[in-house]
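Asks: The residues making up each chain are set out below.
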Amino acid sequence: MQAQKSDIVARLRKEVLTLQGFKGIVEQRQQQTDLSSIENNFPNRKFPTGTIHEFVSDSSEHAVATNCFIASLLSKLTRRKGICLWVSTNRTIYPPALKSYGIDPANLVFIDLIKPKDALWVIEEALKCEALVAVVGEIQELGFTESRRLQLAVEHSNVTGFIHRFKPKNKNAVASVARWSIKILPSTPIDDLPGVGFPKWHVQLLKVRNGIPGAWQVEWNTNTFSVTADKAVSIPAIHKSRTA
Amino acid sequence: MERRYVSIWFSSLCTDWLMRRQPYLRNVPFVLSSTERGRAIVKGANDVARGKGVNIGMAVADSRAILPSLQVIDDTPGLNEKLLTAIGEWCIRYTPVVAIDLPDGIILNASGCAHLWGGEERYVADILEKFRKLGYDVRICMADTIGTAWAVARYGRPAYSIIKAGEQLSALLHLPPSALRIETSIAQRLEKLGLYQVKDFIRMPRGALRRRFGQSLLQRIDQALGQEIETIEPVNPVVPYQERLPSLEPIRTATGIEIALKQLLEGLCARMAKDEIGLRSCLLCCYRIDGNVQKIEIGTNRPSRNAAHLFKLFELKIPAIEPALGFELFVLEGRETERISPEQEAIWNRKEEGNDVAIAELLDRIAGKVGKQAICRYLPAEHYWPERAMKLAGSVQEMPTTQWRDESPRPLHLLHNPERIEVTVPIPDYPPMLFHYKGVLHKVTKADGPERIEQEWWLTGGMYRDYYCVEDENGARYWLFRLGHYDSGEPQWYVHGFFG
Numbered sequence: 001m002q003a004q005k006s007d008i009v010a011r012l013r014k015e016v017l018t019l020q021g022f023k024g025i026v027e028q029r030q031q032q033t034d035l036s037s038i039e040n041n042f043p044n045r046k047f048p049t050g051t052i053h054e055f056v057s058d059s060s061e062h063a064v065a066t067n068c069f070i071a072s073l074l075s076k077l078t079r080r081k082g083i084c085l086w087v088s089t090n091r092t093i094y095p096p097a098l099k100s101y102g103i104d105p106a107n108l109v110f111i112d113l114i115k116p117k118d119a120l121w122v123i124e125e126a127l128k129c130e131a132l133v134a135v136v137g138e139i140q141e142l143g144f145t146e147s148r149r150l151q152l153a154v155e156h157s158n159v160t161g162f163i164h165r166f167k168p169k170n171k172n173a174v175a176s177v178a179r180w181s182i183k184i185l186p187s188t189p190i191d192d193l194p195g196v197g198f199p200k201w202h203v204q205l206l207k208v209r210n211g212i213p214g215a216w217q218v219e220w221n222t223n224t225f226s227v228t229a230d231k232a233v234s235i236p237a238i239h240k241s242r243t244a
Numbered sequence: 001m002e003r004r005y006v007s008i009w010f011s012s013l014c015t016d017w018l019m020r021r022q023p024y025l026r027n028v029p030f031v032l033s034s035t036e037r038g039r040a041i042v043k044g045a046n047d048v049a050r051g052k053g054v055n056i057g058m059a060v061a062d063s064r065a066i067l068p069s070l071q072v073i074d075d076t077p078g079l080n081e082k083l084l085t086a087i088g089e090w091c092i093r094y095t096p097v098v099a100i101d102l103p104d105g106i107i108l109n110a111s112g113c114a115h116l117w118g119g120e121e122r123y124v125a126d127i128l129e130k131f132r133k134l135g136y137d138v139r140i141c142m143a144d145t146i147g148t149a150w151a152v153a154r155y156g157r158p159a160y161s162i163i164k165a166g167e168q169l170s171a172l173l174h175l176p177p178s179a180l181r182i183e184t185s186i187a188q189r190l191e192k193l194g195l196y197q198v199k200d201f202i203r204m205p206r207g208a209l210r211r212r213f214g215q216s217l218l219q220r221i222d223q224a225l226g227q228e229i230e231t232i233e234p235v236n237p238v239v240p241y242q243e244r245l246p247s248l249e250p251i252r253t254a255t256g257i258e259i260a261l262k263q264l265l266e267g268l269c270a271r272m273a274k275d276e277i278g279l280r281s282c283l284l285c286c287y288r289i290d291g292n293v294q295k296i297e298i299g300t301n302r303p304s305r306n307a308a309h310l311f312k313l314f315e316l317k318i319p320a321i322e323p324a325l326g327f328e329l330f331v332l333e334g335r336e337t338e339r340i341s342p343e344q345e346a347i348w349n350r351k352e353e354g355n356d357v358a359i360a361e362l363l364d365r366i367a368g369k370v371g372k373q374a375i376c377r378y379l380p381a382e383h384y385w386p387e388r389a390m391k392l393a394g395s396v397q398e399m400p401t402t403q404w405r406d407e408s409p410r411p412l413h414l415l416h417n418p419e420r421i422e423v424t425v426p427i428p429d430y431p432p433m434l435f436h437y438k439g440v441l442h443k444v445t446k447a448d449g450p451e452r453i454e455q456e457w458w459l460t461g462g463m464y465r466d467y468y469c470v471e472d473e474n475g476a477r478y479w480l481f482r483l484g485h486y487d488s489g490e491p492q493w494y495v496h497g498f499f500g
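So the sequence lines, in the order shown, correspond to chains A and B.
Heads up: the first sequence at position 72 corresponds to 72 in my numbering, and the numbers run straight through without jumps.
Heads up: the second sequence at position 351 corresponds to 351 in my numbering, and the numbers run straight through without jumps.
Just so you know, these hints were derived from the structure itself, not from any lab.
One should not assume that every hint holds.
To be verified - Derived lysine-lysine pairs resembling BS3-like cross-links, with alpha carbons at most 25 Å apart:
hint: 1; chain 1: A; residue 1: Lys183; chain 2: B; residue 2: Lys443
hint: 2; chain 1: A; residue 1: Lys81; chain 2: A; residue 2: Lys115
hint: 3; chain 1: B; residue 1: Lys438; chain 2: A; residue 2: Lys169
hint: 4; chain 1: A; residue 1: Lys167; chain 2: B; residue 2: Lys438
hint: 5; chain 1: B; residue 1: Lys312; chain 2: A; residue 2: Lys117
hint: 6; chain 1: A; residue 1: Lys99; chain 2: B; residue 2: Lys192
hint: 7; chain 1: B; residue 1: Lys372; chain 2: A; residue 2: Lys183
hint: 8; chain 1: A; residue 1: Lys99; chain 2: B; residue 2: Lys317
hint: 9; chain 1: B; residue 1: Lys391; chain 2: A; residue 2: Lys183
hint: 10; chain 1: B; residue 1: Lys391; chain 2: A; residue 2: Lys128
hint: 11; chain 1: B; residue 1: Lys372; chain 2: A; residue 2: Lys115
hint: 12; chain 1: B; residue 1: Lys317; chain 2: A; residue 2: Lys128
Said to hold, decoys possible - To list a few chain A residues with every Cβ distance to chain B over 12 Å, as calculated:
hint: 13; residue: Ala63
hint: 14; residue: Asp118
hint: 15; residue: Lys169
hint: 16; residue: Ala175
Stated by the list, open to error - Stretch by stretch, here's where chain B covers chain A in the computed footprint (C-beta under 8 Å, at least three residues):
hint: 17; segment: 64 to 71
hint: 18; segment: 106 to 113
Glycine included, every Cβ here is placed at the ideal spot set by N, Cα and C.
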């Protein structure tokens, strides 16, 4: 009797997750990534693919860090194969640098646009294309209605979308499963040697649907993440009971 | 602009063509025969036969009596027209406006074309040489009017001649009256009256000529001298992949156009599937009832005969066409086609190939909406200079020929143009301690470098750059460089990129 009950609860949980737009999580097999301590904060303890992730950055230094984090996530998703689209209205990405984030730059197709309206159209069309692994969109403003269209597109195609909003005029709520904020941190010297160390970011998961927000310090060390929990940021009281 | 015409006369078109097809006929006397009023008449004869006394217009029985070894081949009616049309299409290499001139000639409108061959002399000589190599006996004349070119090509002495602008009259003076393209009966009457050359009657009063020979002679004289404009009907090469759809009622709505387009695409794609061919570019012409033609064109990244995909590409452009009073005819033309081998079709079922097609179709749609220049894909190039370390790929399928380099760090964000900064720096080769960028003072805490990159002297001149990777007290990382060295005065410092 007890077993039956837990089965029913598990099934209902799955259904709720699917309704919340986490179709990818329910279906996908367990992927071994080195982001496990971040992944624990997502429902089902998996990094959700086939959904929209929103990144917000306020200054150009943090924007670079955000793009770096997205690039390293892409490398984990694509695993050196598969084509991704990078849509932007004012591109500053230097393709040869992507190699050090584990992506073959030849597998990325850049779409450089002038009008934000065109960018939204291209992002939506690209998210509908099942052959792509992921789509990165660098746009400033994203309204709630537009974000819902993007979410509907990925629910059919299972493509992962990363929307990077640089200096948005207002941080309105959008229909994404998670909102991230990536900030740059001073690198730690390697073995006390002089010089610049590995890239290090302060990764904040500001909002996550059916999961727990959190903050971490992430270092990108030759194609692997090393994550340490950030003590400085306290978990909001609402979520404390759930983590416990 | 002055008009120039070239008339090409084939003195023996059908026999030349037969000898080209069957080379053994070159040394054998042969004639082409056809039946006329119950008798077999010689319609054409090759040089060997003519040399032995066989003439065109003789009865075949008579010519056999002269030359018992004569071969007789039946003449195919309409052969000359077919040959001239094919030759006319071939002649489009010389000018876009080519007309056939039955029974044995071609007219080219060569206005403004000859300079591409380096002058009229070379232009005409090139045409003559090409035809001679093919085995045709031709005579060519270039003149201001069709009439003069026609006359001199047929009745002039040399194999090719060029009549200078405005000299039509002097070129015609010594030619027989039939050179004016007049009816045989008029020519015979002129000769009966002792008017054997054009100069004998061309200066006669027009009224007298009209009274005795009719208006048609005057019209021909005017056309030859350029006083009356003559038009020609140009040859249109057939587009192999074209579909037409006329409509009973004028079509004005977008839905109507879509239905028409779908129908045309299905027909075209079915034909292409049969021929194993795919479209690279395609043009839809909509003929409006007021005579206007609206055109929309699409292009694809890889050959496609997927009607649904091609329709999607057109769909983006349908709002750009104006139906006004309505369309009466739709013509879909496959401009560029490419082979798709049947093996490829089988591989499409595999996941990865299917992905390639889906991505190519997505990029087609994007290119159709925002333009082809928006799509960039990069491949490594063998240069150390950062701006030149990559090149644009031609297509989605193109594979890198060399490796991406990652020994030295490169910033994820690179400025298109390096920006000047003010620095405080110990000499000679140390990274800066402080720098001012966009009005903010950055204090350098950690630094790597220098990495010296020399300008490639075989491409451009310029000073080398010493790159430093520095981190300020907030953790932001920059890619700075010093242009040149301290030897030549105060070197300049720039920021070129941002690490994340």
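Asks: Tell me if the straight-line CA distance from Lys372 of chain B to Lys183 of chain A falls inside 25 Å.
Replies: Violated, because 35 Å separates the two Cα atoms, which is more than 25 Å.
Asks: Compare the distance between the alpha carbons of Lys391 of chain B and Lys183 of chain A with 25 Å, and conclude whether the hinted pair is satisfied.
Replies: Not OK: Lys391 of chain B and Lys183 of chain A at ~31 Å, beyond 25 Å, violated.
Asks: Apply the coverage criterion to the segment 64 to 71 of chain A and chain B: a residue qualifies when its Cβ sits closer than 8 Å to a Cβ of the chain, and three qualifying residues are needed.
Replies: holds (count 7)
Asks: Is the Cα-Cα distance between Lys372 of chain B and Lys115 of chain A 25 Å or less?
Replies: Distance of about 15 Å is within 25 Å: holds.
Asks: Mind checking, does the segment 106 to 113 of chain A have 3 or more residues with a CB under 8 Å from chain B?
Replies: holds (count 7)
Asks: Between the alpha carbons of Lys183 of chain A and Lys443 of chain B, is the straight-line distance 25 Å or under?
Replies: holds (19 Å)
Asks: Taken at face value, is the distance from the CA of Lys317 of chain B to the CA of Lys99 of chain A at most 25 Å?
Replies: It is violated: about 38 Å lies between the C-alpha atoms, which goes past 25 Å.
Asks: Would you check whether the claim that Ala175 of chain A is not at the interface survives, using Cβ distances to chain B and the 12 Å cut-off?
Replies: holds (23 Å)
Asks: Test the statement that Ala63 of chain A is away from the interface with chain B: the closest C-beta pair must be farther apart than 12 Å.
Replies: It is violated; Ala63 of chain A is separated from chain B by about 8 Å at its closest Cβ, not greater than 12 Å.
Asks: Given the hinted pair Lys391 of chain B and Lys128 of chain A, is their alpha-carbon gap at most 25 Å?
Replies: Violated, because 29 Å separates the two Cα atoms, which is more than 25 Å.
Asks: Are the Cα atoms of Lys312 of chain B and Lys117 of chain A separated by 25 Å or less?
Replies: holds (20 Å)
Asks: For the pair supplied as a hint, Lys438 of chain B and Lys169 of chain A, confirm whether the alpha-carbon distance does not exceed 25 Å.
Replies: holds (22 Å)
Checked against the numbered hints given earlier, this structure breaks hints 2, 6, 7, 8, 9, 10, 13 and 14; the rest are met.
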